[in-house]
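Enquirer: If you want the building blocks of each chain, they are given just below.
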Amino acid sequence: MIRISGLCKAFAGSSVLGGIDATVEEGKIVALLGASGSGKSTLLRCLNGLETFDAGTLEISGFSLRPGAHDQRTLQALRGKVGMVFQEFHLFSHLSVLDNVTLAPRIARGTERARAEAHGRELLAQVGLADRASALPRQLSGGQKQRVAIARALAQGVSVLLLDEPTSALDPELREEVREVLRKVARGAHSADGAGLTILLVTHEHELAHELADEIWTLSAGKIAGISPPGQAAR
Amino acid sequence: MRVWAVLCLYCVASCLALCLAPAVARADWASVSASGELGWGADLQGGEPYVYESPTQPGEIVGFEVEIADALSRELGVRAKFHQNDWSNLVPSLERGDFDLALNGLEDTPARRARLRLSVPYFVYGETLAVRPGSALHTLAQLSGRRIGTLNQTVAQDLLQAQRANVVLYEGQQEPYLDLSQGRVEAVLLDHVIADRYGCGQRGVQCVKDDLARGTYVIGMRKADVELATRVDAALSHLIANGELRKILERWKLWDARQDELSARAAALTPAPSPSASAVPSATSAVATPAAPAAPAAPLTMSATQLGLFFEGALFTVLISVCAFALALPLGVLLAVTRSHGGRVSRFFATAYVELFRGTPVLLQLYVLYYGLSSVVRLGPITAAILGLGLNYAAYEAEVHRGALAALPRGQAEAAASLGLSRFQVLKHVLLPQSMRIALPSLTNDFVALLKDSSLVSVITVVELTKRMTIVAVELRDWVVPGLLCAGMYFAMSFPLSRLSLWLERRYQGA
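Residue numbers (this note's numbering), protein chains in the order written: chain R, 1 to 235; chain C, 1 to 511.
Okay, chain C solo, but in the shape it has when bound (with noise of 0.2 Å):
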């Protein structure tokens, strides 16, 4: 059954996919050279050294992979041209024909090398594990079965799956670390550039000497694009061979001994004679054997683990948000019945809540609540964003109750007070059961907001619905299906709630 249905959608998403694969806009070495322009795509947010925004400049673009692309636009004799690009959307942006190039900190895997055309590399990186001063892990081996850090679709995250280490993943640079310092990982492992910048020297932090493996940055173009690909490849060749290449890497810091490796691995890739060709087959082994993933050529269709993986990031989803939900409601009523009944004193606090969680974005409040008060409160990933979301509904659901209780006839109140009831039974009794009612309707469209807000917790590392569905995608190198399928299964949660309220909208209203 399941099969099919995942069968039958790919068949439509397939179907869609090729109605609505826009025109290429660009191809191949021809148009470069016609339009004298040379596309490149790369995201500021990857920070320095890379590509970034320059500090003492605003508005002007450095780093040593911004030198890179202009000293390959002058040996390609045409204008380098940057375009921002998220990072994890590189290379769909690249497919799409948003730009030519894409460089900026790509690691040469295989499954990279099998859905691009992939250059010599620019840059020779180390897998940098990190580590809290005292700690026995220094090899990939030991890390099996534990927590440990890394970012999202790098090598790094792919050997540590390999060796089934329970991979914590997060979206920028400093968290990662930031989390082991608090004991909420037990290591990181990263690319020494990260790692040396953000990383080791950090208070808890230190990092193990050797690197554990080590790989690649290279330029990623788009599969038809042959002879811009050849072309590149010589530019960049010639670059390390005049030593123009380290003159850029020494300016930033980066030339290592790492990076003697350059031209041997270069020159491997390169079929065109080379005279140190019959010498690198056994130094790119020698030195590659590590960092080669486990993963010969990516699957192409959904297997049953990530299909399964796809229902426990559901299940995430649905517990935080309904755990949140929980949170929010109680606490919202009671922040209502504050705001309409209490005191001066209590009045305003509740005023002021209300208007804290409601007017800052519940991204901020996450990051706070998990990064920022950790050295105050340690919480777990999935407390954070259960207390988060909660804390940042309750703002919500105050508003909604006391609007709710503000349209219920005065004479209702009046009523139960000539009957002696306390002002508290008031509320429970008489007030409260029939605001409830009133309120309903937009209680439903508040969780089916939750429910779909609650991706905004992946910022803290916890790996839920849309989250999976956007490392399968980049797995099987295709948004489509799990796409199509995350959108079901969020459709499949939010819908039957929409029918519920509408029944029990009905029943209170007796129609």
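So that you can see chain R by itself, here it is in the shape it has in the complex (with noise of 0.2 Å):
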């Protein structure tokens, strides 16, 4: 669960930000529409303290998070149940595509190696990557590496995913394959075994919004304009 309150946030002096109000229930999938500079992916950023912010609060996966400066202890503890996917992938140029995935469970979490890529690899073969868990991130395309940064995202065990426009850097053929993972992604958080994810995506492709999402958040000036069940919006 999601709840965020009052949050308010300024760059330089400029509002980005200007006070949301807004939950999220447990395994619920949330997408964010709005035009560019709305504050979709600063709020996101927020989310697990990438960003500090100026006002208000927010309690995510039962850590909050005050305005001003985080302790970092506890952003690396609230980082191990919050996953993020950026737009640009950011894979580890150096590790390969499988200790991409088992850096942080190893490094962070202290996973023994064994344990960590066995998990690794099932996540790899989820996001149909199997094969090539050895590869260097150079020698993926766009779709592969992404589906990397999700499985990447993924390996912690999280309970919250934020997604910051997955598919936005993709050309528009590879972006089908992206679209399918997130598909089985959404599908487990909302399978019966109740696995319990909490998704945040943000985006501008408003078919896959609908698809997915169980209530879409429209952004307008750093304030929600409207939070609709899919179907409904705007368009």
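No lab work stands behind these hints: they were computed from the structure. None of the values given here were measured: they were computed from a predicted structure. Where is the CB? At the ideal position from N, CA and C, for every residue including glycine. Mixed in with the good hints there might be a few duds.
Interface residues of chain C toward chain R, partial, derived using beta-carbon atoms under 10 Å [as the list claims (entries may be wrong)]: (1) Gln412; (2) Gln434; (3) Arg437; (4) Pro441; (5) Tyr508.
Estimated spans, in silico, between C-beta atoms of each pair [what the hints assert, rightly or not]: (6) Gly62/R / Leu502/C: 51 to 57 Å; (7) Pro441/C / Pro229/R: 53 to 59 Å; (8) Thr74/R / Thr360/C: 42 to 48 Å; (9) Arg73/R / Gly183/C: 50 to 56 Å; (10) His341/C / Glu207/R: 53 to 59 Å.
A few chain R positions that, by computed beta-carbon distances, are all more than 10 Å from chain C [said to hold, decoys possible]: (11) Arg3; (12) Glu25; (13) Thr52.
Dock chain to chain to rebuild the complex, using the hints, since each chain is given by itself in its own frame.
Expert: Here is the structure:
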């Protein structure tokens, strides 16, 4: 569960988030739509502490964040529960696909290598890249890179997944393979055994948002302009 | 194999030397008298009382040898013209024809006599042994196997080597005595002129009363300049006979009992009829015996021992470079990380370190570390060399790594942080492994530069490859073969490194 109340954030005096109040129930998928510069990505980055904020409070996966600088240990613990996928993938170029996926479990969580790798291979199989475990990032296509990034974000057994425009940097013909993986992850979140994965998806792809989300938030000028169930939002 | 390689090198070198040999600009007395100018070479760095710049009138050159050159020129009816020349290269420069006389504390040795035309002596020096107070050392024989300091290319060096002493070579006149008082050497053997001025009477230094050997300063001339040499000998003998030389030496407080030997020694070397000629040989042999070094004629080809010493020098070069770089690399990374990720105070200190070590000459840093701080920390020469070069290069490595870290996409650090890695883990597992790859070409470049910069440590008595080359070159009276061998060895060390670096780059880029 994520609870956002009165969240304000300004960059160099100009307001980016002007008081956001919203809640996401556990296991729900929320899509954030809105024009560029409406504050979607900033909101997402506040949720895992990549950005600090000026006012309001955040509660996420049992952690609460306050305005100003965050405590590093809290952040490290929080990030073990909140995964993030970036628009530009940001795979570690010096590590193989499998090492990209297992780095955090091994280093940050102390999982032993064999276990981390077994789990990493499972995740790679889920995103359809079981055969590319030993490849280096530069040997992958954009779509494959983003699928690895999704596997990497999930590898620590997170309860929240933040997706920041996961298909925007891809050529149109490569987007479908990532969408397919996102559908799979969403089904997992919705599955009966209740993996309980909560997902926030920032996107420009309205169709995808309506297909996957339980709820659609439309952001405009740093405020939530509307919350609606899928299929009913404007356009 | 090695012998053939050296032979081939020598052939190529000799051909080169023949082709490149400069036309001799000056030749014998005819050209001197035609130009009315007698060119003489010396090194101002030799200092008081030889030849040096007047401290009260900058630009004016003074010293007892200046007055001898002037007196000599007056005798010959020409003008004296001073040529500044690095002391260790006086003889090659004379042979090149840069000037007519080498007149700068040149000692009379068989090796020099074989190479040059030497004049009658103008000064008698004694080899003075300086020890620490209470030391039992007072004879040459006792010095065998001990660490003894002296200057390069001196008779003292030959004497010490003949005794199989562990010779420590210095570039300047003050440093050996400083090291003696600090206990880095057990004794210093040098001319009494130097010992009296820079050593005896200093704190922690005591001079043995009796000279361990005696020898003379002479004027060096080219072998071919027969007539000039005859005239110089005649002029000098005249200056000795008429007391003018004595007056000059007295003015410089250099006249002492040793100088009584001058006229006998001069007469012994002059074939012209002289009243005391018959008495001379016995007198010369009596006083000169201990001074004659053990080399009857210097070898002209490189011996196996010299070749071995070359390899030893190369080994020191590698040892010092590798150890210094092993210090510079981690320290540089630490400084770079501090500058890019540290707090304000630590950032300030890291920046200050880089600017200080990058902004001052490494030679100065070596001097400060070895001599300047010797009363605080007494470092051995090798340790000081490694530390000095390592600390200096760390400043450069810091900048290389700072640049490499800054070149990484910002998203790498963010992605790693978003996975819950600590700042240290982000650096260790994500940023540094990648920046190291970016820095690799610069690192190789710096290591190759360090290999060559390591020759600077000869100022703190370490005999590495370049220093060994200069020593052997002087012994062989040839710069071409030792020079080419030295260059070849540096190349053999640096070239594989460049290849290794290229290979690593290609590997990491997966081309």
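Enquirer: Give me the numbers of the hints this structure contradicts, sorted from smallest to largest.
Expert: Hints 4 and 10 contradicted; others consistent.
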